[in-house]
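> These protein sequence lines are chains A and B, in that order.
So that you can map any letter, position 408 of the first sequence is 407 in numbering that gives the first Met the number 0, and since no number is skipped, the others follow by simple counting.
So that you can map any letter, position 348 of the second sequence is 347 in numbering that gives the first Met the number 0, and since no number is skipped, the others follow by simple counting.
Among these hints, one or two may not hold up.
Since the list can't tell identical chains apart, any single copy or any two copies may satisfy a pair.
Said to hold, decoys possible - Quick list of in silico lysine to any residue cross-link-like pairs, SDA-like style, CA-CA up to 25 Å:
(1) Lys-355 x Ala-70
(2) Lys-235 x Arg-190
(3) Lys-235 x Leu-366
(4) Lys-80 x Glu-56
(5) Lys-355 x Pro-265
(6) Lys-355 x Leu-365
(7) Lys-80 x Glu-99
Rather than coming from a laboratory, the hints here were simulated on the basis of the structure.
Bear in mind the structure is a predicted one, so any value in this text is a computation, not a measurement.
Protein chains: 2
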Amino acid sequence: MISDEVLDEVRALLAEREELGIRGLADRLGTADWADLVPRLDDDEVVALLANLPAEEIPELLEELEPEQTASVLHVLGRDKAADLLERMDPDDATDVLAEFDDDEAERLLQAMEPDDAAEIRELLPYPPDTAGGRMTPAFVAIAPDVRADDAIVMLRLVAEEAETIYYVYVLDAAERLLGVLSLHNLVLTRPDTPVSEVMVADPFRVRADTDQETAARLLTDNNLLALPVVDEHDKLLGIITQDDVADVLEEEATEDIERLGGSQPLDMPYRLASVPLLVRRRVGWLLFLFFAGLLTTQVLVSFETRLAEIQALTLFIPLIIGIGGNVGSQTVTTLVRAIAIGEVELRDVGWVLVKELSVGLLIGLLLGIAGFVRGGLSSGTQVGIVVGATIMAITVWSAAVAAVLPLVLRRLGADPAVVSAPFITTLVDATGLLIYLTVAGVVLQQV
Amino acid sequence: MISDEVLDEVRALLAEREELGIRGLADRLGTADWADLVPRLDDDEVVALLANLPAEEIPELLEELEPEQTASVLHVLGRDKAADLLERMDPDDATDVLAEFDDDEAERLLQAMEPDDAAEIRELLPYPPDTAGGRMTPAFVAIAPDVRADDAIVMLRLVAEEAETIYYVYVLDAAERLLGVLSLHNLVLTRPDTPVSEVMVADPFRVRADTDQETAARLLTDNNLLALPVVDEHDKLLGIITQDDVADVLEEEATEDIERLGGSQPLDMPYRLASVPLLVRRRVGWLLFLFFAGLLTTQVLVSFETRLAEIQALTLFIPLIIGIGGNVGSQTVTTLVRAIAIGEVELRDVGWVLVKELSVGLLIGLLLGIAGFVRGGLSSGTQVGIVVGATIMAITVWSAAVAAVLPLVLRRLGADPAVVSAPFITTLVDATGLLIYLTVAGVVLQQV
Numbered sequence: 000m001i002s003d004e005v006l007d008e009v010r011a012l013l014a015e016r017e018e019l020g021i022r023g024l025a026d027r028l029g030t031a032d033w034a035d036l037v038p039r040l041d042d043d044e045v046v047a048l049l050a051n052l053p054a055e056e057i058p059e060l061l062e063e064l065e066p067e068q069t070a071s072v073l074h075v076l077g078r079d080k081a082a083d084l085l086e087r088m089d090p091d092d093a094t095d096v097l098a099e100f101d102d103d104e105a106e107r108l109l110q111a112m113e114p115d116d117a118a119e120i121r122e123l124l125p126y127p128p129d130t131a132g133g134r135m136t137p138a139f140v141a142i143a144p145d146v147r148a149d150d151a152i153v154m155l156r157l158v159a160e161e162a163e164t165i166y167y168v169y170v171l172d173a174a175e176r177l178l179g180v181l182s183l184h185n186l187v188l189t190r191p192d193t194p195v196s197e198v199m200v201a202d203p204f205r206v207r208a209d210t211d212q213e214t215a216a217r218l219l220t221d222n223n224l225l226a227l228p229v230v231d232e233h234d235k236l237l238g239i240i241t242q243d244d245v246a247d248v249l250e251e252e253a254t255e256d257i258e259r260l261g262g263s264q265p266l267d268m269p270y271r272l273a274s275v276p277l278l279v280r281r282r283v284g285w286l287l288f289l290f291f292a293g294l295l296t297t298q299v300l301v302s303f304e305t306r307l308a309e310i311q312a313l314t315l316f317i318p319l320i321i322g323i324g325g326n327v328g329s330q331t332v333t334t335l336v337r338a339i340a341i342g343e344v345e346l347r348d349v350g351w352v353l354v355k356e357l358s359v360g361l362l363i364g365l366l367l368g369i370a371g372f373v374r375g376g377l378s379s380g381t382q383v384g385i386v387v388g389a390t391i392m393a394i395t396v397w398s399a400a401v402a403a404v405l406p407l408v409l410r411r412l413g414a415d416p417a418v419v420s421a422p423f424i425t426t427l428v429d430a431t432g433l434l435i436y437l438t439v440a441g442v443v444l445q446q447v
Numbered sequence: 000m001i002s003d004e005v006l007d008e009v010r011a012l013l014a015e016r017e018e019l020g021i022r023g024l025a026d027r028l029g030t031a032d033w034a035d036l037v038p039r040l041d042d043d044e045v046v047a048l049l050a051n052l053p054a055e056e057i058p059e060l061l062e063e064l065e066p067e068q069t070a071s072v073l074h075v076l077g078r079d080k081a082a083d084l085l086e087r088m089d090p091d092d093a094t095d096v097l098a099e100f101d102d103d104e105a106e107r108l109l110q111a112m113e114p115d116d117a118a119e120i121r122e123l124l125p126y127p128p129d130t131a132g133g134r135m136t137p138a139f140v141a142i143a144p145d146v147r148a149d150d151a152i153v154m155l156r157l158v159a160e161e162a163e164t165i166y167y168v169y170v171l172d173a174a175e176r177l178l179g180v181l182s183l184h185n186l187v188l189t190r191p192d193t194p195v196s197e198v199m200v201a202d203p204f205r206v207r208a209d210t211d212q213e214t215a216a217r218l219l220t221d222n223n224l225l226a227l228p229v230v231d232e233h234d235k236l237l238g239i240i241t242q243d244d245v246a247d248v249l250e251e252e253a254t255e256d257i258e259r260l261g262g263s264q265p266l267d268m269p270y271r272l273a274s275v276p277l278l279v280r281r282r283v284g285w286l287l288f289l290f291f292a293g294l295l296t297t298q299v300l301v302s303f304e305t306r307l308a309e310i311q312a313l314t315l316f317i318p319l320i321i322g323i324g325g326n327v328g329s330q331t332v333t334t335l336v337r338a339i340a341i342g343e344v345e346l347r348d349v350g351w352v353l354v355k356e357l358s359v360g361l362l363i364g365l366l367l368g369i370a371g372f373v374r375g376g377l378s379s380g381t382q383v384g385i386v387v388g389a390t391i392m393a394i395t396v397w398s399a400a401v402a403a404v405l406p407l408v409l410r411r412l413g414a415d416p417a418v419v420s421a422p423f424i425t426t427l428v429d430a431t432g433l434l435i436y437l438t439v440a441g442v443v444l445q446q447v
C-alpha cells in the first residue's frame with residue numbers, strides 16, 4: 000500500500016506533467032504498488048501517467064492491475080494505443096483483459112493488434128478464466144527429443160526474453176504431444192552431448208485445459224513444481240501454468256469460500272470494484288431464502304402461543320437460546336467447510352467427524368447449560384432454569400451435529416459444501432431450536 | 000486422496016511384511032498421498048512401512064506429513080532411528096518437527112544427531128513457526144562477489160544436491176551480508192568470464208527473520224520471485240523462503256481467518272489431528288463471551304415485558320427479525336474482513352465503505368421490509384405489519400453499518416479484524432435489534 004503522502008506527490012507530478020518525475024516513479028514504486036495507485040487516480044491522471052512512463056514499464060504496470068481495472072484504463076487510452084499495449088502484455092493476462100470488453104469491441108481490438116499476438120489470444124479466449132486453460136500461458140519453451148543438452152541451452156538463450164519461464168523445457172513429439180520435461184537445473188548439470196530425451200523426466204504431471212484452476216494449483220504446489228503443463232484431449236501441449244499463478248488461484252478460491260460461508264454469492268471481483276447493485280444482487284438471493292426459512296420460527300411460535308402467554312418468562316430466553324445454537328453451528332460449519340475445501344475431510348469421514356463434534360457439543364453444552372440454568376433459575380425460578388439449561392444442552396449438541404453432517408452430505412450430492420453458510424445453519428437451528436425449547440418447556444412444566 | 004481400495008491393499012502388504020510390494024509403494028503413490036495414507040495406519044503398520052521403504056524415500060515421506068504426524072511417527076521409531084531421519088530431512092522441516100517434542104526430549108534428539116545437522120536446527124529453533132525465520136531454510140547457495148559466472152556454475156554443480164533451490168545464488172560480502180542475487184537464468188545466459196557482481200541484481204528484496212510469514216509470502220509472490228532472502232538485524236543472510244512455502248502460508252492464513260470468522264480461535268493444526276479437548280478449548284472462550292453478551296437480549300426483553308404481554312403478536316416475530324439482522328451482518332463482515340486481510344481495504348477507506356454498505360443495506364432493507372410488512376400484516380393486522388416492516392428496514396441498515404465499520408476500527412486499534420466474527424456481529428445485532436424493534440413498536444402502537 001502506498002501512503003497518502005506518496006499519492007499526493009504523484010498527483011502533483013501528474014497535474015504538472017512533470018515528465019522526469021513521472022519517469023522516475025517506475026523506479027521508486029514496486030510493481031505491486033501500481034495496483035494500489037492506479038484505481039485512486041482519475042481518468043486524466045491515468046492518461047498522463049501512461050503518456051509519460053517509459054514504454055517498457057507499461058505492460059508490467061497493467062499486469063499488476065485487475066483485468067477490470069486494465070480494461071477501463073485501455074478504454075480511456077483509445078483503441079490503437081490499447082491494441083499496442085495488449086500486444087506487449089503476457090497473452091494470458093491480455094486474454095483476461097479482453098474478456099472484460101463486449102464481444103464487438105474485443106473483436107475490433109484483436110483486429111487492431113499484430114496478427115501473431117491476436118492469434119495467441121484467440122486460442123486462449125475459449126477457456127473460462129477459472130480453468131487451467133484460462134490460467135495458462137502459451138509462452139513455454141519446447142524442443143524435440145533428439146536435441147543435445149548444450150544445443151538446448153543455446154536455444155534457451157534465443158527465447159529467454161519471450162518465455163514465461165526458462166526453468167522448465169518441454170520435450171514434444173512431432174505432433175506436439177508432451178513426452179517429458181527438463182529443468183534448467185538438469186540441463187546445466189548434465190554432460191553437454193547428452194540428448195535431452197535421456198535426461199528428461201518422462202510422462203510428467205499435466206492437466207487437461209478444462210481442469211478446475213484450484214485442482215491444477217494444488218497439483219503444482221503439492222508436487223513442488225515451478226510450472227505445470229496444460230494439454231488438450233490428444234495430449235498436445237497447449238500452455239503452462241506457473242508458480243506465480245498458484246498464489247492468485249488459492250487466494251481467489253479462499254475469498255470465494257469465505258464469501259459463501261458468510262452467506263453471499265462470491266463477488267468474483269475485488270470488493271473495491273464491486274458496485275452497489277452488484278453487491279445487492281450477490282446478497283439478496285440468500286437473504287430472501289433465509290427470510291422465508293426464518294418464517295418457520297414464526298410458525299413454531301404461533302403453534303405454542305398459549306404456552307408462551309401462560310409462562311411469560313419463556314419469551315425472555317428465546318434470543319439467548321437460539322443465539323447459542325447459531326454460534327455453535329457457525330463455529331462447526333466454518334471449520335468443517337474449510338477442512339473439506341483443503342481436502343482434509345470427505346464423506347467417508349462422516350463417522351468420526353460426527354463422533355468428534357458430538358463429543359465437543361456435549362462438553363460445551365454441559366458448560367453452557369449450567370450457565371443457562373443459573374441465569375434462568377435466578378430470574379424465573381428453578382423450573383424455568385431447568386428448561387433453559389436443558390434446552391441449551393440439547394441445542395448445542397443438535398447444532399454441532401447438523402453443522403458437521405450437512406456440508407459433507409452436500410458435498411456428496413455434488414453441491415459446494417460452502418453453500419451451508421453460517422447464516423444457513425443459524426436459520427435452520429433457529430426454527431428447530433425453538434421447537435426443542437418449547438417442547439422441553441412443555442415436558443418440564445407439565446403443560447404438554 | 001487415496002481410495003479405500005488402495006488403503007486396504009497397503010494394509011494387506013504391511014500385515015504380511017511384503018517387502019517388495021512395500022518398496023513398490025514409493026513409485027505408485029505421489030508424495031502428496033503419504034500425508035493421506037500415514038494417519039490412517041496404526042503404529043505397527045507405520046513401523047512396518049518405514050522398515051521396508053527404501054531409505055531415500057523416507058525423508059521425503061516425512062516432509063509431506065504435518066509436523067505433529069511426523070513427531071508421532073518418530074516417537075514410535077525410537078530415538079536413534081528418529082535422529083537419523085531428522086538428519087536427512089530439510090532443516091526447516093526438521094525444526095518444525097522438533098518443536099513438537101518437549102524441550103528435554105528435543106535436546107536428547109539433537110544430541111543423538113550429527114553435530115553439523117543439529118547445529119543447523121539449533122539456529123532455526125528460536126524463530127516462531129509463523130515468522131519468516133520459522134519458515135526459512137538455511138540451505139541456500141552463496142558466493143563471493145568476485146567469482147566468475149562459469150566458476151559459479153561449477154560450484155553450483157557441487158552443491159546442487161544439498162541446496163533447496165539452485166535457481167538463485169546469493170552474493171555475500173566477507174561478513175555474510177547480502178549484496179545481491181543472481182538467477183541461474185542470468186548465470187547461464189551471461190558471458191562465462193563475467194564476475195558475478197556485474198550481473199547480479201544488487202540490493203534485492205529481503206525480509207528480517209521476525210517478519211510475519213504472511214507479509215513475506217506476499218512480498219515473494221507479488222514480485223514473482225522464486226525465493227526470498229531472510230536476514231538478521233545486521234543484514235547477514237540467515238536463510239531463504241522458497242516459492243513452495245507460499246501456498247502453505249497463504250492456506251494456513253486463510254484457514255485461520257475462516258476459523259476466526261466462524262467464531263472460534265484458530266486450531267493451528269489440521270482438523271483431523273485436533274483432539275476433542277483442543278476443539279473445546281478453541282471454541283468455548285468465544286461461546287462464553289457470546290453467552291454473556293447474549294444475556295443483554297434477556298435484559299432488553301425484561302425491560303419491555305409489559306409491552307410484550309399486552310401485544311402477544313410482537314413475540315412471534317422476534318426470531319425472524321433478529322435473524323435477518325444477523326444474516327446481513329454476517330454477509331457484510333465476512334466480505335469486509337476478507338478485503339482487509341488481502342490488503343484491499345484499510346481504515347482510510349472507511350468513508351466509501353460505509354457509503355457503499357449503507358446503500359446496499361437500504362436497498363436490501365427496503366425489499367425485506369416490504370416482505371416483513373406483508374407477513375406481519377397478514378397474521379396480526381396492519382399496525383404490527385408496519386412495526387415488523389419498519390424494524391426490518393432499520394435493522395438491515397444498522398447491521399450493515401456496524402459490520403462494515405467495526406472490522407476497520409479494530410484493525411486500526413491493532414486487533415485482528417477477524418475477531419469481529421459472524422457470531423459476534425449476530426449477537427451484537429440481537430440485543431440492539433430487539434431494542435430497535437420494541438422501540439419502533441412503542442412509537443407505532445403509541446404505547447411509549
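> Would you mind marking each hint as holding or not holding in the structure?
How the hints compare with the structure:
| no. | hint | verdict |
| --- | --- | --- |
| 1 | Lys-355 x Ala-70 | between (50 Å within a copy, 23 Å between copies) |
| 2 | Lys-235 x Arg-190 | neither (29 Å within a copy, 36 Å between copies) |
| 3 | Lys-235 x Leu-366 | neither (61 Å within a copy, 52 Å between copies) |
| 4 | Lys-80 x Glu-56 | within (15 Å within a copy, 55 Å between copies) |
| 5 | Lys-355 x Pro-265 | between (30 Å within a copy, 17 Å between copies) |
| 6 | Lys-355 x Leu-365 | within (16 Å within a copy, 43 Å between copies) |
| 7 | Lys-80 x Glu-99 | within (17 Å within a copy, 58 Å between copies) |
The structure is inconsistent with the numbered hints 2 and 3, although it conforms to all the rest.
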